[in-house]
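Top to bottom, those sequences are chains D and P. The first sequence begins at -15 in our numbering and counts up by one. The second sequence begins at 12 in our numbering and counts up by one.
If you are wondering where the hints come from, they were derived from the structure by calculation, not from laboratory data. Watch out, some of these pointers could steer you wrong.
[Claimed, not checked] Covered stretches of chain P (in silico footprint by chain D; criterion: 3 or more residues with CB under 8 Å from a CB of chain D, positions within the stretch not fixed): (1) 58 to 67; (2) 74 to 81.
[Said to hold, decoys possible] Among the chain D residues that face chain P by a calculated CB cut under 8 Å, a handful are: (3) Asn14; (4) Tyr32; (5) Lys81; (6) Phe84.
Yeah, the Cβ is synthetic: ideal placement off N, Cα and C, and Gly gets one too.
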Amino acid sequence: GIQVEQSPPDLILQEGANSTLRCNFSDSVNNLQWFHQNPWGQLINLFYIPSGTKQNGRLSATTVATERYSLLYISSSQTTDSGVYFCAVEQDQGAQKLVFGQGTRLTINP
Amino acid sequence: DAGVIQSPRHEVTEMGQEVTLRCKPISGHNSLFWYRQTMMRGLELLIYFNNNVPIDDSGMPEDRFSAKMPNASFSTLKIQPSEPRDSAVYFCASSLEAGYTEAFFGQGTRLTVV
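So here's chain P without its partners, still in its complex pose (with noise of 0.2 Å):
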């Protein structure tokens, strides 16, 4: 299996635009997380998908974030509109379930909103 795999690796957008970012889990696992990585924070988690229902998204800063999963191969972090602040490694992590199982993360997406 090629792992879990995000796009783009990097984004430089400007203020105000929208922004999607792109996860492809790896084939059979049934749960999919987003985190983010930043030097104030660490990595936190903004929401994760099991069976492709969300289940928890208390980590999504407001509104402006919102992520789907259509399907069991592929979920989707929008961010509208992008303000500075969002700049940060975004990164996607898929396990057979949630709990009791090894997660692993894919290559993640560099984000630079000016």
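Bound-form chain D, shown alone (with noise of 0.2 Å):
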């Protein structure tokens, strides 16, 4: 089944810094989303990007499907966006499931 691996899985900021979460999979796909988890558990849904460029506030992302990646860009990090950030792909002509990376935590502090 097709992989995806997450970069860098810690991620430690100050307050007010940028920061760039990566996803690689290893092949083709139909879709792709971006979550975040916080810290009480729940899964919010960023992106449904499975190409192309989004941008939602302090958020964006860019999936560059020929070559098989998806950045997240977090502008401006508050605290509140402290977390685990989580790629979930769909492979194409494959089983229709999502397929979870391991997942980035992300730590902001004041």
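Dock chain one against chain two, each of which comes alone in its own frame, and use the hints as you go.
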């Protein structure tokens, strides 16, 4: 099945810093989503982005499907951005299920 | 819409007992997914339904686990008998259809088997 690798596994930053999270996947996809799991365990949808670029406030994401990676950018980090960020993909021509990466744990210190 | 609704939010049970987790998908969504999250294995798909029909249950760990979707607005995941290694957070998610559409997750059920 498709493999999803996220980097870095852990990231610790000061409030106000910018960050880039990466998601690599091993095969072509028809669905890619970024989620934020907050400290209460809730999975929050950030982006549905199988290709192209999207922005939502301080967050933006870019997926380059032909090169099999996606990037999540967080600008001017706030403590509320802390949590685990997951990338999940659905393989094109494959099983219709989201396969999750292991996540990036982001800690924003005040 | 209230989103995907799961119940209970927390469940503590003794080994050997039957556990039933419940899920109400977003109205109009045709696909429903059950995931399990553990520290060791991360988020893994257990089973998914399309139009109330189970499509892929290859992730169900063993016969102690079963899932049903009797109608478009309700699904259950049952564990009988439960074991301590079943302790995890169980998520339900729904999407308009499997593939090509965005999936939305419920708040999860934290199961502890003692």
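Residues of the segment 58 to 67 of chain P with Cβ under 8 Å from chain D, three needed, outcome: holds (count 4)
Check of the segment 74 to 81 of chain P against chain D for coverage (Cβ-Cβ below 8 Å, three residues minimum): violated (count 0)
Chain P contact restraint for D/Tyr32 - C-beta distance below 8 Å: holds, 4 Å
Per-residue hint verdict: D/Lys81, partner chain P, C-beta under 8 Å: Status holds, d = 5 Å.
Hint check: 8 Å Cβ-Cβ cutoff, D/Asn14 to chain P: Hint holds; D/Asn14 Cβ to chain P Cβ min 5 Å, cut 8 Å.
Hint status (Cβ of D/Phe84 to nearest Cβ of chain P, threshold 8 Å): holds, 4 Å
The structure is inconsistent with hint 2 alone, although it conforms to all the rest.
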